[in-house]
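In the order they appear, the protein sequences are chains D and Z.
Numbering-wise (the numbering used here), the first sequence opens with residue 692 and increments by one.
Numbering-wise (the numbering used here), the second sequence opens with residue -4 and increments by one.
Since the hints were derived computationally from the structure, they do not count as laboratory data.
Virtual Cβ for every residue (Gly too), placed ideally from N, Cα, C.
Certain hints may be false.
In silico DSSO-like cross-links for lysine-lysine, where the CA-CA straight-line distance does not exceed 27 Å [to be verified]: (1) D:Lys880 to Z:Lys50; (2) D:Lys880 to Z:Lys294; (3) D:Lys902 to Z:Lys50.
Label pairs and their in silico Cβ distance ranges [to be verified]: (4) D:Thr845 to Z:Glu260: 33 to 39 Å; (5) D:Phe859 to Z:Pro90: 55 to 61 Å; (6) Z:Ala49 to D:Ile897: 46 to 52 Å; (7) D:Leu753 to Z:Glu205: 27 to 33 Å; (8) D:Ile844 to Z:Asn281: 50 to 56 Å; (9) Z:Asp133 to D:Leu753: 45 to 51 Å; (10) D:Lys751 to Z:Glu260: 37 to 43 Å; (11) D:Phe859 to Z:Thr122: 56 to 62 Å; (12) Z:Ala49 to D:Ile877: 17 to 23 Å; (13) Z:Asp133 to D:Lys751: 41 to 47 Å; (14) D:Leu873 to Z:Gly394: 21 to 27 Å; (15) D:Leu873 to Z:Ser418: 31 to 37 Å; (16) D:Thr998 to Z:Asp408: 35 to 41 Å; (17) Z:Asp133 to D:Gly892: 37 to 43 Å.
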Amino acid sequence: MGQYIVRRLLQAIPMLLIVSIVLFALVNLAPGGPLAQYTRSRRMTEERRESLMRQFGLDKPLPVQYIIWLAGNDWMEVDTDGDGVKDSYGTRKGILRGDFGFSFKTREPVLKEIWERLPNTFYLLGITMLITGLIAIPIGILSAIKQYSAFDITATTLSFMGQAIPDFWFGLILILIFYGTLNNPITGKALLPSGGMATIGADFDIWDRVKHLILPVTMGMVGWVAWYSRFLRSSMLEIINLDYIRTARAKGQSERKVLYKHAFRNALIPLVTMFALDFPYIFTGYVYAELIFSWPGMGRLYYSSATARNYPVLLGVLIIGAALVILCNLLADIAYAYLDPRVRFE
Amino acid sequence: MARLGKYKILTLMVTLFFVATFVIGCATQETVDEPPDQPVVDEPADEPADEPPAKTSITILIYANPAEFHGFNIGSGLEEAIGEMVMLSLAEIDPDGNFYPELATEIPTLENGGVVMDEETWVTTVTWHLRDDIYWEDGEQVNVDDVIFTWEAMQAAEVWTASADSIESLEKVDDFTLIVTYAWPEPEYVTTFGGENFFIYAEHFCDAEEGYWTWNCNSEPLSAGPYVLEEWVTDDHLTFVRNENYYEEGKPYIDEVIFMVVPEESVKRAIMDEGDADVHYWPAENHAISYQEEGNGTKWAVSPTDRWVMKLFFNTKAWGEEETPHAFLADKRVRHALRMAIDVDTIIEDIFLGFGKPVWTTFFRPPFNSCGIPRPEFDMAGAAALLKEAGWEDTDGDGVNECHGCLYAEEGDLMTAEYVIWSGYGETLEFAQQFIAEAWADIGLQTELSMLEDAVLWASPDEGGTELAGKFEIDMWDSGYSGVDPTGWLWDYFYYAEESEWNLANWTGEAAEEVGALIDELYTVDEDYRMEVFCDMALILEEELPYVELFSTLEQFGLSDRLQGVKPTTFDILTWNVADWTVTE
Chain D
692 MGQYIVRRLL QAIPMLLIVS IVLFALVNLA PGGPLAQYTR SRRMTEERRE SLMRQFGLDK
752 PLPVQYIIWL AGNDWMEVDT DGDGVKDSYG TRKGILRGDF GFSFKTREPV LKEIWERLPN
812 TFYLLGITML ITGLIAIPIG ILSAIKQYSA FDITATTLSF MGQAIPDFWF GLILILIFYG
872 TLNNPITGKA LLPSGGMATI GADFDIWDRV KHLILPVTMG MVGWVAWYSR FLRSSMLEII
932 NLDYIRTARA KGQSERKVLY KHAFRNALIP LVTMFALDFP YIFTGYVYAE LIFSWPGMGR
992 LYYSSATARN YPVLLGVLII GAALVILCNL LADIAYAYLD PRVRFE
Chain Z
-4 MARLGKYKIL TLMVTLFFVA TFVIGCATQE TVDEPPDQPV VDEPADEPAD EPPAKTSITI
56 LIYANPAEFH GFNIGSGLEE AIGEMVMLSL AEIDPDGNFY PELATEIPTL ENGGVVMDEE
116 TWVTTVTWHL RDDIYWEDGE QVNVDDVIFT WEAMQAAEVW TASADSIESL EKVDDFTLIV
176 TYAWPEPEYV TTFGGENFFI YAEHFCDAEE GYWTWNCNSE PLSAGPYVLE EWVTDDHLTF
236 VRNENYYEEG KPYIDEVIFM VVPEESVKRA IMDEGDADVH YWPAENHAIS YQEEGNGTKW
296 AVSPTDRWVM KLFFNTKAWG EEETPHAFLA DKRVRHALRM AIDVDTIIED IFLGFGKPVW
356 TTFFRPPFNS CGIPRPEFDM AGAAALLKEA GWEDTDGDGV NECHGCLYAE EGDLMTAEYV
416 IWSGYGETLE FAQQFIAEAW ADIGLQTELS MLEDAVLWAS PDEGGTELAG KFEIDMWDSG
476 YSGVDPTGWL WDYFYYAEES EWNLANWTGE AAEEVGALID ELYTVDEDYR MEVFCDMALI
536 LEEELPYVEL FSTLEQFGLS DRLQGVKPTT FDILTWNVAD WTVTE
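Looking at chain D on its own, in the form it has when it is part of the complex (with noise of 0.2 Å):
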């Protein structure tokens, strides 16, 4: 297995340097730029413009700007002040040794953004997929178990409402309902809060912190469930019809055995790739969620990134979120294997 490993990450690095160079690319060649909101006041005089781009290191050919991003410029010297002298090393290190640039709109560095906002995203969307899996894994197995039952069509229905439902709008009907009908009996005040991630200037207090979750994890879990149960309750159809199961039943093990020991720990297989690949959203974010409820999450930096054309945070976020769908495939295949003694790696 660790040849395995070894293999595939060996192999991860062209195609990573093939998706640095497409993202880099596609991001670049957009139209607009980010200088957009200096020139419409029109007080870009060239001599500015060209001090910005300087600065923000857009005056060089794209190819140029392309290896500065991936390898930095310490190795090369630059013209600083902009009088066409080269006149001392760069100061980039570039995304290979870590150096992920600066934000165009706050000029810090973009490792420093991000870190502000991904623990958020991930406090948020963590909860969101335990709440999915302790809801969605007894409706997809009991809908499965009891096929064609009122409690499978109940759930069929409400699954497809989960996934039809457009989860912007769902958001703004929580907040109508919860936050702006509902009181609590006792203080009179909102029944629960209408966004950000905890009371401002309050006291760590556990129960605060629910509160604040409780609309987004809903908003975010509908779908996500709708789509999980759906799943599991595919996957156990298939395998409670299988030879094995009935070969188990015939031995005479209880219904509870073979359903649980048997039936859903194979069913469970395919779900864990899944969940492998919905969890690079943790880091790319969830951007309706963040937006609607003040989650000051990846989501909006990703979101205001894109449309302000703040490259560096906008490239950070896209590359890093595509190193780890990567990683996340890599860590299926590996479950898929470990959990599945037929499967072997080669």
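Chain D is already provided as a structure; the job is to place chain Z on it using the hints.
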């Protein structure tokens, strides 16, 4: 390893992941360092323990995280608002357009000898006297060194400001006297070191090595203003508390001001309705009017004068061309006809819900609004007649005019154009675009409607930008100038347009040269003469009509009923007088 063992390991890993998730979420997120040492304040002697007054706090809802504490970088437009909380400048402008000193003792003028112009060389000196009773929050005195330090840091960072090109030197006479020498009379000298973008930074505190763009003062400013930044949680909120060292006795009146980031407009409205916030910053028109109508503990406030004017820009040249005239927009009769067909009052009342005022000249704001340019009439028949006179008429009955003796197109060419708006404004502008397009369709102009995001509309030509490349026909967005004096704004539009390598002149038309030639005349200390020049410009612009001014969009805010003293202004940012705000319970 047994299968059961594998599952146990997997279960353990998943459990650890979720535990880590929750632990991360529960971690506190303080981001602002400890405030600098406070000056020693004598503790009051043992006094009867009165009940301390309840802490007053207000919440301002903003749509995005401000980038930092200065207004010269790419930001959200909110940098100035938070800057006013903690920073000061030499002079500011009140809501009526009058200058008032802030760090300075008075406004330098010709009359009080603060402004002196050499009649031969035109070199002009401005002498500023600073107050000697203003301190930073750490107890250090604010002085001339801080002003010079700020200016030099900005120059080193290549920050461009309106007066940057005209300043020859800054000379410190003593700790509280500064002489600024301009190479020529600078009309906007009062706000060279003031206005909404400019703040004075503390020389002893800001890390000059790091420089203006990246120094610590951008995120952890040392305050000389009414408040001190206590906490900044990125993308979530900023909390400001009273600056006990503030120079105005007894102010600010409110103990705590929180800027809460809420991106979604309707959520902001819900929070205001619940009474959980006091200011809805820049609400959309439909929300703004509901603050007035519903009366459920809210009200709205607008600026007495306006800054942003919705304009139609015509490309007088063919799409993407520098010389070839546009088929019909190059003819000023067509431009006048298109203006005549727009019912501005209906747009204001029915689409912008009354949040606007008709505007028809660039010089619509005091003190330069006395040129007597008459308001054009809305006249569809007149517009059609003018188009016919210009050689554009629908003779085949398909609803689209053809060229019949027009100036710049082939006979029979159809009158069609692309009409672009800025997507960032919101749906009201979309409705206005459709309304205008329908009116134009009634007089035979067929338009193709589209929207572009900011980063494309205003990007430079080599970035794929449309407007600066002249790759548009008609577009509509709002524009305006800060401060009182439009000289710098006119310079940007007309003078610079002539010099630029970009196709700016496409949308300033023939007027660019004429107006540009008059701009040099504005650099004088003779205010009467300047007024004459502005009126000459107004006449040229009215005649040539390079762009159509439609209406001003008001600076509007939703407020809670309990919040008093808020005075929105076109000349500065909402928080310009935050020290005067009060709350009534």
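We went through each hint and held it up to the structure:
no., hint, result
1, D:Lys880 to Z:Lys50, "holds (20 Å)"
2, D:Lys880 to Z:Lys294, "holds (21 Å)"
3, D:Lys902 to Z:Lys50, "holds (25 Å)"
4, D:Thr845 to Z:Glu260: 33 to 39 Å, "holds (36 Å)"
5, D:Phe859 to Z:Pro90: 55 to 61 Å, "violated (38 Å)"
6, Z:Ala49 to D:Ile897: 46 to 52 Å, "violated (27 Å)"
7, D:Leu753 to Z:Glu205: 27 to 33 Å, "holds (29 Å)"
8, D:Ile844 to Z:Asn281: 50 to 56 Å, "violated (42 Å)"
9, Z:Asp133 to D:Leu753: 45 to 51 Å, "holds (47 Å)"
10, D:Lys751 to Z:Glu260: 37 to 43 Å, "holds (40 Å)"
11, D:Phe859 to Z:Thr122: 56 to 62 Å, "holds (57 Å)"
12, Z:Ala49 to D:Ile877: 17 to 23 Å, "holds (22 Å)"
13, Z:Asp133 to D:Lys751: 41 to 47 Å, "holds (42 Å)"
14, D:Leu873 to Z:Gly394: 21 to 27 Å, "violated (54 Å)"
15, D:Leu873 to Z:Ser418: 31 to 37 Å, "holds (36 Å)"
16, D:Thr998 to Z:Asp408: 35 to 41 Å, "holds (38 Å)"
17, Z:Asp133 to D:Gly892: 37 to 43 Å, "violated (24 Å)"
Comparing the model with each earlier hint shows violations of hints 5, 6, 8, 14, 17; every other hint is respected.
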